[in-house]
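Novice: Note that the protein sequences, when read in sequence, are chains A and B.
Using this note's numbering, read the first sequence as starting at 1 and increasing by one per residue.
Using this note's numbering, read the second sequence as starting at 1 and increasing by one per residue.
Be careful, since some hints might not be right.
Stated by the list, open to error - Per label pair, the in silico range of CB-to-CB distance:
| no. | chain 1 | residue 1 | chain 2 | residue 2 | range |
| --- | --- | --- | --- | --- | --- |
| 1 | A | GLY33 | B | LYS494 | 39 to 45 Å |
| 2 | A | GLY33 | B | GLU465 | 57 to 63 Å |
| 3 | B | GLY31 | A | ARG79 | 39 to 45 Å |
| 4 | B | ASN33 | A | GLY33 | 18 to 24 Å |
| 5 | A | ASP35 | B | GLU62 | 18 to 24 Å |
| 6 | A | GLY33 | B | ILE508 | 29 to 35 Å |
| 7 | B | LYS499 | A | LEU37 | 23 to 29 Å |
| 8 | A | GLY33 | B | GLU271 | 35 to 41 Å |
| 9 | A | MET1 | B | LYS177 | 39 to 45 Å |
| 10 | A | MET1 | B | LEU325 | 42 to 48 Å |
| 11 | B | ASN172 | A | GLY33 | 26 to 32 Å |
Stated by the list, open to error - Distance condition first, Cα-Cα at most 20 Å in a straight line; then the derived DMTMM-like pairs of lysine to aspartate or glutamate:
| no. | chain 1 | residue 1 | chain 2 | residue 2 |
| --- | --- | --- | --- | --- |
| 12 | B | LYS21 | A | GLU48 |
| 13 | A | LYS21 | A | ASP51 |
| 14 | B | LYS301 | B | ASP285 |
| 15 | B | LYS445 | B | GLU483 |
| 16 | A | LYS21 | A | GLU58 |
| 17 | B | LYS477 | B | ASP364 |
| 18 | B | LYS146 | A | GLU32 |
| 19 | B | LYS21 | B | ASP258 |
| 20 | B | LYS179 | B | ASP258 |
| 21 | B | LYS236 | B | ASP292 |
| 22 | B | LYS146 | A | GLU2 |
| 23 | B | LYS146 | A | GLU4 |
| 24 | B | LYS385 | B | ASP52 |
| 25 | B | LYS373 | B | GLU426 |
| 26 | A | LYS21 | A | ASP35 |
| 27 | B | LYS16 | A | GLU2 |
| 28 | B | LYS446 | A | GLU48 |
| 29 | B | LYS16 | A | GLU66 |
| 30 | A | LYS27 | A | ASP13 |
| 31 | B | LYS476 | B | GLU486 |
| 32 | B | LYS21 | A | GLU66 |
| 33 | B | LYS222 | B | GLU165 |
| 34 | B | LYS16 | A | GLU58 |
| 35 | B | LYS402 | A | ASP51 |
| 36 | A | LYS6 | A | GLU66 |
| 37 | B | LYS446 | B | GLU481 |
| 38 | B | LYS334 | B | GLU481 |
Don't read these hints as lab results, they were simulated from the structure.
This structure is a prediction, so every number in the text was calculated from the model and none was measured.
Cβ atoms here follow ideal geometry from the backbone N, Cα and C, with glycine treated the same way.
One letter stands for each residue in the lines below.
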Amino acid sequence: MEVENKLKSVFTDVFGIPVSKVGVTTKQNTLEGWDSLGQLRLIMAVEEVFDVSFTVAEIAILTDYELVLNALLRKLDGR
Amino acid sequence: MNKLAVLSNINIDPLKNQLQKNSSYELYFAGYNQWQSELLNLNSKLYDFCPDFVFIYLNAEEFKADIQLLFLAVNFYQNASPTCRFLISNFTLPPFTVETYKVARRVDREFNESLVSYSKDHKNIFILDFERLVLLHGYTSMFDDKYWYLGRIKFRNSAFAILAEEINNVLNCMQGKVKKVLILDLDNTLWGGVVGEDGWQGLQLVEEGVGRIYKDFQRLIKQLTSLGFVLAICSKNNESDAVEVFDNNAEMVLGLDDFVIRKINWTSKSENIVEIAQTLNIGLDSLVFIDDSAVERELVKRELPELIVPDFPTDITKLPSWFILSVVYPYFSKTELTLEDGDKTAQYKRNALRESEKQKTSFDNFLRDLNIKLDVRIADQSIYKRVAQLSQKTNQFNLSLKRYSESEIELMCDKQGFIAITCSYEDKYGSEGIVGCALIELKNKKLLIDSFMISCRVLGRKVDELFLADILQIAKKKMSECEVIEANYLQTAKNELVKEFLQRCNFISVDNVLFSRKI
């Protein structure tokens, strides 16, 4: 839960949308600003906030909120 | 709102968000690697945007050209837009390259040296010391090649925040938005221990061990005074105990003379700080207060929200570096020095003396006794820097609140027919240097006052009236048929006294903006 809230606030910060708008419906192809640059800004922020690192291959497929959350939880779990 | 344009040879777009977070500039980010064409093409969006400031970050690894190209492009832009000020980042290469140990001749060092001399020769060019930030935070914590290969971004997220903060600090400094007075607590701040308990002999203040921390701290504070900043004490002690330390403890770096005002008593610190501000005739927002006690800091912050009260380091060994990074860089930095800066402490002290005399005698006697001598004259180029400084820093006695940079003043006086007139002040206590200036225009038998300001240090001594009379004389000499004098007043929360002055001098206004009178 804590991870989820933190992740939501990262989305808020990066894309300038309210927390209430962040969730399963938040997807790259529907959210304005989540373009290729937005993708990088998002991953940079997630990596900084959670102190994790995604590989180039992972970054390419993190295209919606749930995918980011699950990938993140797997990384944090592995510690 | 001031306009800031950002140019780079790599993708630094995420800087936009960081800059928006804690500053209020209208921003323009040029496209990826467009810096050169934006500067050289008169039809580029940069020219359209017409920025007050341009920040340039060129990544040394990707910058394959001669650095002179950068200077040429900047010069070209400056010819078209001479008042725009440039903040150029210096260069840093990654600390890993294929080379022999004996060569170790790095291109970035050569670049940076040329940049320093370029900036020295051009008053509108300032350097953002990115190299310092990299040394401070570490290359690997600021850069990540992953983002470079994915999206032409070199910095990590944290680096953008660091860079944005530095840009803010330097731009503030370039605009003279810095603090004036540092107020210090004594026990466990200037020295280790409590003088009321340990006595002046028992304090931690020597060249060895923990005592060295406080000595180093005092040395740094002393350096601030040479930059033209002013010190004050606000501490809860018996005054005689504290004075004893200054008088008798040979390890003290700072002397009582270094402080323009001392509030050493048991009344609340917020009251004392308000009195300090009043005595020095400056706003609370020009002060920074340092105290080791979290309780005192909280109390003062609650009472005086506009005062800056930085957190004190919990690890005392960090005191000197904390002071430089968290206090000096954000609040007490200067881009360059003027003659008046070196003498600031003495100036404020003379002022405190004059204040105390004022209370003793009648006002007229006080004025006569001061033996004020003004030197009012047309400013030449060598004085424009001081004129700009006054225009940027004067808030109270400032007619129009127009802020000009040195080059804007130069442009106005050399090309647009303005005349800059300065007023130097001297009395029996000494010289205050240039304390006032005016920018005027003579047109259609009118004397138009564009700007008129007087440093708060000399207010309340009729300098305003005397200065105006001298300006009229100069104007009469230049244009004898001059009949009317006009001044455009911009009312703010702080400059009510300009209005009083205009009324006192028989100016008439219907709208409280345009004030005029016959000469």
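Novice: All hints, please: hold or fail.
Specialist: Results of checking the hints against the structure:
With their beta carbons about 41 Å apart, GLY33 of chain A and LYS494 of chain B fall inside the hinted range of 39 to 45 Å. Taking the beta carbon of each, GLY33 of chain A and GLU465 of chain B are about 59 Å apart, inside 57 to 63 Å as hinted. At roughly 40 Å, the beta carbons of GLY31 of chain B and ARG79 of chain A sit within the given window of 39 to 45 Å. A hinted range of 18 to 24 Å holds for the C-beta pair ASN33 of chain B and GLY33 of chain A, which are about 22 Å apart.
Checking the proposed 18 to 24 Å range against ASP35 of chain A and GLU62 of chain B shows it holds: the Cβ atoms sit about 23 Å from each other. In this structure the hint that GLY33 of chain A and ILE508 of chain B lie 29 to 35 Å apart at CB is violated, the actual value being about 56 Å. Remark: the range hint 23 to 29 Å for LYS499 of chain B to LEU37 of chain A is contradicted by a beta-carbon distance near 51 Å. A hinted range of 35 to 41 Å is violated for the C-beta pair GLY33 of chain A and GLU271 of chain B, which are about 50 Å apart.
A hinted range of 39 to 45 Å for the beta carbons of MET1 of chain A and LYS177 of chain B is consistent with their spacing of about 43 Å. At roughly 36 Å, the beta carbons of MET1 of chain A and LEU325 of chain B sit outside the given window of 42 to 48 Å. The given range of 26 to 32 Å is respected by ASN172 of chain B and GLY33 of chain A, whose C-beta atoms sit roughly 30 Å from each other. Distance restraint check for LYS21 of chain B and GLU48 of chain A: the Cα-Cα separation of roughly 17 Å lies within the 20 Å cut-off, and the hinted pair is therefore satisfied.
At roughly 25 Å between alpha-carbon atoms, LYS21 of chain A and ASP51 of chain A are farther apart than 20 Å, so this suggested pair is violated. Under the criterion of a C-alpha separation no larger than 20 Å, the hint pairing LYS301 of chain B with ASP285 of chain B is consistent with the structure, at around 12 Å. Distance restraint check for LYS445 of chain B and GLU483 of chain B: the Cα-Cα separation of roughly 6 Å lies within the 20 Å cut-off, and the hinted pair is therefore satisfied. For the given pair, LYS21 of chain A sits about 24 Å from GLU58 of chain A by alpha-carbon distance, which is inconsistent with the 20 Å threshold.
For a cut-off of 20 Å, the pair hint linking LYS477 of chain B to ASP364 of chain B is broken: about 31 Å separates their Cα positions. Our distance criterion of 20 Å between C-alpha atoms is broken by LYS146 of chain B and GLU32 of chain A, whose separation comes to about 24 Å. Restraint check for LYS21 of chain B and ASP258 of chain B: the C-alpha separation of about 38 Å exceeds 20 Å, so the hint is violated. Note on LYS179 of chain B and ASP258 of chain B: the hinted pairing holds, with a Cα-Cα distance of about 17 Å set against a maximum of 20 Å.
Distance hint between LYS236 of chain B and ASP292 of chain B is fulfilled; the C-alpha atoms sit about 12 Å from each other, no more than 20 Å. With a C-alpha separation of about 27 Å, the suggested pair LYS146 of chain B and GLU2 of chain A falls outside the 20 Å cut-off, and the hint is violated. With a CA separation close to 25 Å, the supplied pair LYS146 of chain B and GLU4 of chain A exceeds the 20 Å bound. Simply put, LYS385 of chain B and ASP52 of chain B have alpha-carbon atoms about 18 Å apart, close enough for the 20 Å limit, and the pair holds.
Proposed proximity of LYS373 of chain B and GLU426 of chain B is supported: the alpha carbons are some 5 Å apart, at most 20 Å. At most 20 Å may separate the alpha-carbon atoms for a hinted pair to count; LYS21 of chain A and ASP35 of chain A meet this at roughly 18 Å. Between LYS16 of chain B and GLU2 of chain A the CA atoms are separated by roughly 28 Å; this puts the pair beyond 20 Å, and the hint is violated. Under the criterion of a C-alpha separation no larger than 20 Å, the hint pairing LYS446 of chain B with GLU48 of chain A is inconsistent with the structure, at around 62 Å.
Distance restraint check for LYS16 of chain B and GLU66 of chain A: the Cα-Cα separation of roughly 27 Å exceeds the 20 Å cut-off, and the hinted pair is therefore not satisfied. At roughly 16 Å between alpha-carbon atoms, LYS27 of chain A and ASP13 of chain A fall within 20 Å of each other, so this suggested pair holds. Straight-line distance between C-alpha atoms of LYS476 of chain B and GLU486 of chain B comes to about 14 Å, which keeps the hinted pair within the 20 Å bound. Of the pairs offered as hints, the one joining LYS21 of chain B and GLU66 of chain A is violated, with about 27 Å between alpha carbons and a cut-off of 20 Å exceeded.
For the suggested pair LYS222 of chain B and GLU165 of chain B, the alpha carbons sit about 26 Å apart, so the restraint of at most 20 Å is broken. Our distance criterion of 20 Å between C-alpha atoms is broken by LYS16 of chain B and GLU58 of chain A, whose separation comes to about 26 Å. As the CA atoms of LYS402 of chain B and ASP51 of chain A are separated by approximately 47 Å, the hinted pair breaks the 20 Å bound. Our distance criterion of 20 Å between C-alpha atoms is met by LYS6 of chain A and GLU66 of chain A, whose separation comes to about 14 Å.
At roughly 9 Å between alpha-carbon atoms, LYS446 of chain B and GLU481 of chain B fall within 20 Å of each other, so this suggested pair holds. Of the pairs offered as hints, the one joining LYS334 of chain B and GLU481 of chain B is violated, with about 44 Å between alpha carbons and a cut-off of 20 Å exceeded.
The structure fails hints 6, 7, 8, 10, 13, 16, 17, 18, 19, 22, 23, 27, 28, 29, 32, 33, 34, 35 and 38 (numbered hints given earlier, in ascending order).
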